[in-house]
Amino acid sequence: MRSAFLFFYILIYCGSAHAQWLPKDSTFEYCAVCHGGQHLIGQPYNHALKLELPLLLSSTAVLTAGFLMQASDKTKPFTEVQLVGLDKNTINSFDRVATGYWKPGIASASDYMLIGISFLPVLFLSEHHTGHDFKSLLIMTAETFAFNYGTTYIVKSTVNRTRPYVYNTNLPVTIRTDKESRQSFYSGHTSQTAAASFLFAKVISDFHPYLKPGVKTGIWAFAITIPAVEAYFRVKGGKHYPTDVITGYALGVLSGWLIPELHHNRDYHRTKKTKLDVGLMPSKGGMVMNMNLQF
Numbered sequence: 120m121r122s123a124f125l126f127f128y129i130l131i132y133c134g135s136a137h138a139q140w141l142p143k144d145s146t147f148e149y150c151a152v153c154h155g156g157q158h159l160i161g162q163p164y165n166h167a168l169k170l171e172l173p174l175l176l177s178s179t180a181v182l183t184a185g186f187l188m189q190a191s192d193k194t195k196p197f198t199e200v201q202l203v204g205l206d207k208n209t210i211n212s213f214d215r216v217a218t219g220y221w222k223p224g225i226a227s228a229s230d231y232m233l234i235g236i237s238f239l240p241v242l243f244l245s246e247h248h249t250g251h252d253f254k255s256l257l258i259m260t261a262e263t264f265a266f267n268y269g270t271t272y273i274v275k276s277t278v279n280r281t282r283p284y285v286y287n288t289n290l291p292v293t294i295r296t297d298k299e300s301r302q303s304f305y306s307g308h309t310s311q312t313a314a315a316s317f318l319f320a321k322v323i324s325d326f327h328p329y330l331k332p333g334v335k336t337g338i339w340a341f342a343i344t345i346p347a348v349e350a351y352f353r354v355k356g357g358k359h360y361p362t363d364v365i366t367g368y369a370l371g372v373l374s375g376w377l378i379p380e381l382h383h384n385r386d387y388h389r390t391k392k393t394k395l396d397v398g399l400m401p402s403k404g405g406m407v408m409n410m411n412l413q414f
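Residue numbers for the sequence shown follow our numbering, beginning at 120 and rising by one.
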């Protein structure tokens, strides 16, 4: 947890030290993934200091608060005697099914998926349009992750919901009483995966407002599916209830969508896609001028 905390502070510092604050003029250039090969270049996001500074400070504050609450949480795991008194029938019927799941291999796979998807925004560096604004996007990524992780830590430390595997009497007591046994709500894995996936899809879509329909559908299908798979793994692995992952999914989507939206440069998409072709065509009476205006 501490390494993640330091990682996001480094992201915020490095990004803010190299941010490009001024928007670029918009024009068109060729792009293979855009409809008609027409890509609207420019800066779809506003990184003005008067906007960026409050977001940096607030995201840092949320992450710090979450870290401090997590570190100071005095809630202890159940003792072996207390486990005897637990009754899974007190859990709502929708969530109760999760108490019978325990798949360590699937849970480990969800850990690796979380790590991999968290680095998804690094692909902004390789994309020929977003790569030019990578340092500014780095700030936005840090803000998104900081808000998301901070909120997760705050809620987990406040709710202290018992994980489903604690009710599984087929498991050893050492597992049912581990230090994370009362941090079920809500799923941080699902939330972070959703935040990273939707941030990626939204940034690519905002930088390419004229994406080909098939490309756009593929990007958003990927963004929707990955956190859903992560949610399934967390439930099947015995780590979370369905309501944990549903909440995590929703709040992760909110983080991944909201931060880019707050940066949105409204003038960027107002640029009209206009093309004027002028040429001469032969006719029986000589040459005639042909004009073709496209909007």
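Think of the hints as simulated: they come from the structure by calculation, not from any bench.
Where is the CB? At the ideal position from N, CA and C, for every residue including glycine.
Wrong hints could be hidden among the right ones.
Restraint ranges, calculated between C-beta atoms of paired labels, are given here [to be verified]:
(1) L202 - D230: 20 to 30 Å
(2) G219 - L168: 23 to 33 Å
(3) Y351 - K207: 19 to 29 Å
(4) T288 - L244: 18 to 28 Å
With a straight-line cut-off of 27 Å between C-alpha atoms, the simulated DSS-like cross-links for lysine-lysine are [said to hold, decoys possible]:
(5) K355 - K335
(6) K298 - K222
(7) K193 - K207
(8) K335 - K222
(9) K298 - K193
(10) K195 - K222
Hint by hint, here is what the structure shows:
{"no.": "1", "hint": "L202 - D230: 20 to 30 Å", "result": "holds, 25 Å"}
{"no.": "2", "hint": "G219 - L168: 23 to 33 Å", "result": "violated, 53 Å"}
{"no.": "3", "hint": "Y351 - K207: 19 to 29 Å", "result": "holds, 21 Å"}
{"no.": "4", "hint": "T288 - L244: 18 to 28 Å", "result": "violated, 49 Å"}
{"no.": "5", "hint": "K355 - K335", "result": "violated, 31 Å"}
{"no.": "6", "hint": "K298 - K222", "result": "holds, 19 Å"}
{"no.": "7", "hint": "K193 - K207", "result": "holds, 24 Å"}
{"no.": "8", "hint": "K335 - K222", "result": "violated, 35 Å"}
{"no.": "9", "hint": "K298 - K193", "result": "holds, 11 Å"}
{"no.": "10", "hint": "K195 - K222", "result": "holds, 24 Å"}
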